[in-house]
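Quick mapping for you: the protein sequence lines, in order, are chains A and B.
Using this note's numbering, the first residue of the first sequence is number 1, and each one after it goes up by one.
Using this note's numbering, the first residue of the second sequence is number 1, and each one after it goes up by one.
Take these hints with a grain of salt, some might be off.
What the hints assert, rightly or not - In silico DSSO-like cross-links for lysine-lysine, where the CA-CA straight-line distance does not exceed 30 angstroms:
id	chain 1	residue 1	chain 2	residue 2
1	A	Lys144	B	Lys60
2	B	Lys29	A	Lys95
3	A	Lys27	B	Lys108
4	B	Lys60	A	Lys109
5	B	Lys103	A	Lys109
6	A	Lys144	A	Lys76
7	B	Lys126	A	Lys97
8	A	Lys53	B	Lys126
9	B	Lys28	A	Lys196
10	B	Lys60	A	Lys95
11	B	Lys32	B	Lys60
As the list claims (entries may be wrong) - Selected chain A positions facing chain B (Cβ under 7 angstroms, derived; list incomplete):
id	residue
12	Ala81
13	Phe83
14	Tyr85
15	Asn104
16	Ile138
17	Gly154
18	Ser157
19	Pro160
20	Glu161
21	Lys162
22	Ile167
23	Tyr218
24	Thr244
Hints are computed from structural coordinates only; laboratory data are not their basis.
Heads up, the beta-carbon is just placed ideally off N, CA and C, and yes, glycines get one too.
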Amino acid sequence: MKKIISILLLIAFNFESNAQVNFSIGKTFYPLTAPGFQTFFTTYNNELAADIKTPFKYEFPTATGWSIKGGYLLNKHDDGAGFYYNTTTGVNILKTKNEAVFTNGESRKTVLHMNEWITDVSLGVGGENFHFAINGTIQLRFNKLFCSYVYHDGSESFGPEKNLNGIFSANRLMGGFGAEAGFGIKYLQVVFKAAKIYKPFEKDGSTYLSYYSDLAGYKADAGLTGNSSYPAEYMPADYHSFLTDQLTSESSNNFVYINDHGWQFGLSLMFIIPTND
Amino acid sequence: MKKIFSSVTVLLIAIVLVSCNKEDQHAKKLYKNQGRWTIDYVTTQLFDSTGAVISDSTVKNIGELVLFKSGSLDALYGYRQAVFLYTDSVTHAYPFEYMFDGKRISIKYCDAPFEIDGTYSAFIDKANEQQWEIYSTNGNTNAVTSLTGKYIMHLSRSEN
């Protein structure tokens, strides 16, 4: 509800003559590349190879989800095609999961939720029933990894009896460039969009990046006991190092960072509301 | 210029709204409507190596949990104040702290004779019904080990 109100507020402030308001709703696909998770999945599969029936996939499968956006559109086309400018903001809610199943029927499950606040700017040519544009996108990303252990009776545990259980969060501002095309009738267009999302800029090595952490109080309490193994407060990249010595593993920055990247595709319906007819 | 400024302002407000703490929303489900929850039953199950139940005991009429919005001393970690109204022959009140993030419920500092401290997983998470479970295994916290025990607390919202 807050998100919807925010979008409406933004649009309300953007009203002016010669402008058109637009809303779009659509499906998003993100075949992401996430290096830290690749390392984790590979090392986890190797470490528990003797107990694994179905290993983790090397990479998270394509994340899918929904987007809802609203914005401000200028499309000056007296006859035929003309200048097209569109700035929109909204949310993208994506999800993907990966699971390793053990020979005893239990499994380790990882579900990655990616909630993105997106602002897009598109520039190109457009007519009454179409547009072609290049675009830039800025995404404020709120990622959460739900890492659980599923027992033989289907019980899904996030509890401390397994060190990797937890809800690990990482936030990051990301961006990319792409292109889009839209076709339709006067006030309704089907829009196909592709944007390359780049890895966040790194500074002084990867330590500058945000990593997946779970700062639950019970984990912090356990971490103060001095034991070398306790519920993980961060998502380890190299599982073998994590097992060898969790404390050393922490000090050597053995974290999964939020540095996924790749092409993001969107298919949406754009509703145009003229404000000066 | 004014328009750009207003747009940027609204965008920043929107970002703040979107980034509001989700944990608060999950906890609100528990503490709203006076936050009183009846503990319907607590079940302890033990399993053998094949997963078959070898022991199953249930305790009823234990009492109520009253979960407050107010933060506790560990508010930094999302903990809030609560009271366990433990019913023996009479009802006694035992304060404790709780944290709920939608998947996990952590309860600590409860001195009641009936043990409720621990970190539970939310098996049922509804507005008027909750089921929290603690799982135990017989082995290494990092290895593949089968379930050996389950502690189940089932709660329903108390009628005011």
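Practice task
List, from low to high, the hint numbers that the structure doesn't satisfy.
Solution key: Numbers 1, 3, 4, 6, 8, 9, 10, 12, 13, 14, 16, 17 and 24 - these are the hints that the structure violates, sorted from lowest upward.
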